[in-house]
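S.K.: Note that my numbering gives residue 69 to position 69 of the sequence shown, counting from 1, and the numbers run on in steps of one.
Check before you lean on any hint, since a few could be wrong.
The calculated label-pair distances, taken between Cβ atoms and stated as ranges, are [claimed, not checked]:
1) Ala85 x Ser179: 38 to 48 Å
2) Asn116 x Arg294: 48 to 58 Å
3) Gly18 x Ser326: 31 to 41 Å
4) Gly177 x Ala229: 28 to 38 Å
5) Ala229 x Ala85: 20 to 30 Å
6) Phe372 x Trp409: 37 to 47 Å
7) Ala14 x Leu295: 36 to 46 Å
8) Arg329 x Pro379: 20 to 30 Å
Bear in mind the hints are in silico, worked out from the structure with no lab data behind them.
These numbers come from a predicted model, not from an experiment.
Using N, Cα and C, we set each Cβ at its ideal position, and we do this for glycine too.
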Amino acid sequence: MALHHKDIGAIQRAVIIGSAIYCCLVTAGTAFGFSALMPSLLKVGAFAKVCQPGIRSCNEQIARLTGMFTLASSLLNIFTLPSGAMLDALGPRATAAVFGGLATFGCWIYSLGPENDTNYTVGFILMSLSGPYIFNCTMSFGNFFPAHAGLITACLVGSFDASSGDFAILASMIDTGLSFGTAFRLLALMTATCWLTTFAWPDSPVESAKESERRELVKRDVWEICRSAEFWLLVYTASISMISLNFFIATAYPQLLSGGLSGEDADTLNSDFAWLLPAGGIVFAPLIGTIVDRLGVAMGYIILQCTYGAFTFLLMVYSTIGTSYSFPRAAFVCFAFCRPLFYTLNPVFCGRHFGQSNFGSSFGLTLTIAGFCNLLVQPLASLANTRGFPLINSILGLLQFSTILFPIWLMKRTETKHGDTLPYSSA
1 MALHHKDIGA
11 IQRAVIIGSA
21 IYCCLVTAGT
31 AFGFSALMPS
41 LLKVGAFAKV
51 CQPGIRSCNE
61 QIARLTGMFT
71 LASSLLNIFT
81 LPSGAMLDAL
91 GPRATAAVFG
101 GLATFGCWIY
111 SLGPENDTNY
121 TVGFILMSLS
131 GPYIFNCTMS
141 FGNFFPAHAG
151 LITACLVGSF
161 DASSGDFAIL
171 ASMIDTGLSF
181 GTAFRLLALM
191 TATCWLTTFA
201 WPDSPVESAK
211 ESERRELVKR
221 DVWEICRSAE
231 FWLLVYTASI
241 SMISLNFFIA
251 TAYPQLLSGG
261 LSGEDADTLN
271 SDFAWLLPAG
281 GIVFAPLIGT
291 IVDRLGVAMG
301 YIILQCTYGA
311 FTFLLMVYST
321 IGTSYSFPRA
331 AFVCFAFCRP
341 LFYTLNPVFC
351 GRHFGQSNFG
361 SSFGLTLTIA
371 GFCNLLVQPL
381 ASLANTRGFP
391 LINSILGLLQ
401 FSTILFPIWL
411 MKRTETKHGD
421 TLPYSSA
């Protein structure tokens with residue numbers, strides 16, 4: 001049973017939201033800062049056994065590291081459905097507590113990576129799986145203050161993106177002399193403090209008064225949701241967007257090298273990207289909140305596609321001209337806006353249109369299907385190594401453009417329903 005936002009005092013609600021933001025900063029999207037950690041992993045010799053003796057790094061080693069990220073990000077989405085069902089059944093508190101413990105354990109296992117390459121894979125998978133599931137538990141918390149629900153959700157998503165900077169911070173600490181193991185044991189300690197705060201969270205999802213009034217409108221059986229056109233359009237949009245975003249995260253460093261830059265220059269730009277990605281989640285949070293609250297979800301998806309188009313264009317220019325800092329940095333800014341916008345729009349749409357009581361299942365099923373599609377990132381990365389990144393980026397750009405059908409369909413559907421106040425129509 002959902003919790004009404006007025007059942008808890010304002011101060012307690014604010015404290016819960018603050019703790020949720022902290023947890024998202026520490027755990028939610030940490031694994032997506034993978035590109036920042038790639039140089040450090042190469043330096044400490046992760047998977048170096050596949051290279052010839054005396055070689056600093058090789059394509060096989062990079063492929064192993066990229067494969068580790070692809071496997072983890074795909075499993076994350078594949079298991080979102082059972083984790084969503086767990087959220088619906090157990091509530092935010094119990095679900096977050098379980099995954100908070102797993103995230104802590106994953107950080108500790110990852111710290112043992114230099115002792116055995118298997119620890120890198122196991123630890124990374126646990127971190128990748130647990131953090132976003134903790135984030136999903138917070139998606140109804142925006143309803144603690146319904147008038148600012150979009151802004152709160154955007155702040156949580158911003159914290160999700162900002163958490164990818166955790167790896168950038170750890171990479172900087174490793175570069176200054178801190179051992180790899182010590183750096184990740186420090187992250188494990190911070191994750192443990194996050195785990196403790198989850199015990200203060202509500203044991204039921206939160207709904208606003210407005211949602212209570214329209215509960216009958218949005219309350220559906222999960223199988224009824226699966227038969228709707230908007231669900232499959234959402235799945236298509238989420239799948240294409242996820243492949244596009246994760247492909248660039250997994251291949252950012254090789255793409256920079258392919259543009260003709262020296263290893264030192266590529267390291268500099270890769271570091272810029274590592275910091276811009278989390279910074280974008282914070283800086284763009286107010287703008288994203290305004291888009292969702294004022295312009296609506298449909299317009300938000302249109303803005304997403306347009307911005308991603310600009311990102312693809314800038315990458316193509318860089319691939320053509322090469323040896324330029326301006327175009328990749330501009331592309332990074334576009335990407336840093338697209339990612340938090342994408343991860344805000346999907347849960348907001350599911351919560352508003354399918355209802356908080358079905359949020360875990362509807363959002364989970366969407367990301368599970370998208371997760372299977374995300375397995376294409378690894379073969380696409382391999383193809384890019386032989387056929388070139390411009391070809392793959394062009395294909396992904398065209399596919400991303402095709403997802404504009406989703407918001408257009410939503411707008412057309414709204415126009416035919418005069419007086420209907422479906423959640424996706426304008427709010």
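S.K.: All the hints need checking, so say for each whether the structure fits it.
M.R.: Status of each hint after checking the structure:
no., hint, verdict
1, Ala85 x Ser179: 38 to 48 Å, "holds (40 Å)"
2, Asn116 x Arg294: 48 to 58 Å, "holds (51 Å)"
3, Gly18 x Ser326: 31 to 41 Å, "holds (38 Å)"
4, Gly177 x Ala229: 28 to 38 Å, "violated (56 Å)"
5, Ala229 x Ala85: 20 to 30 Å, "holds (23 Å)"
6, Phe372 x Trp409: 37 to 47 Å, "violated (23 Å)"
7, Ala14 x Leu295: 36 to 46 Å, "violated (27 Å)"
8, Arg329 x Pro379: 20 to 30 Å, "holds (29 Å)"
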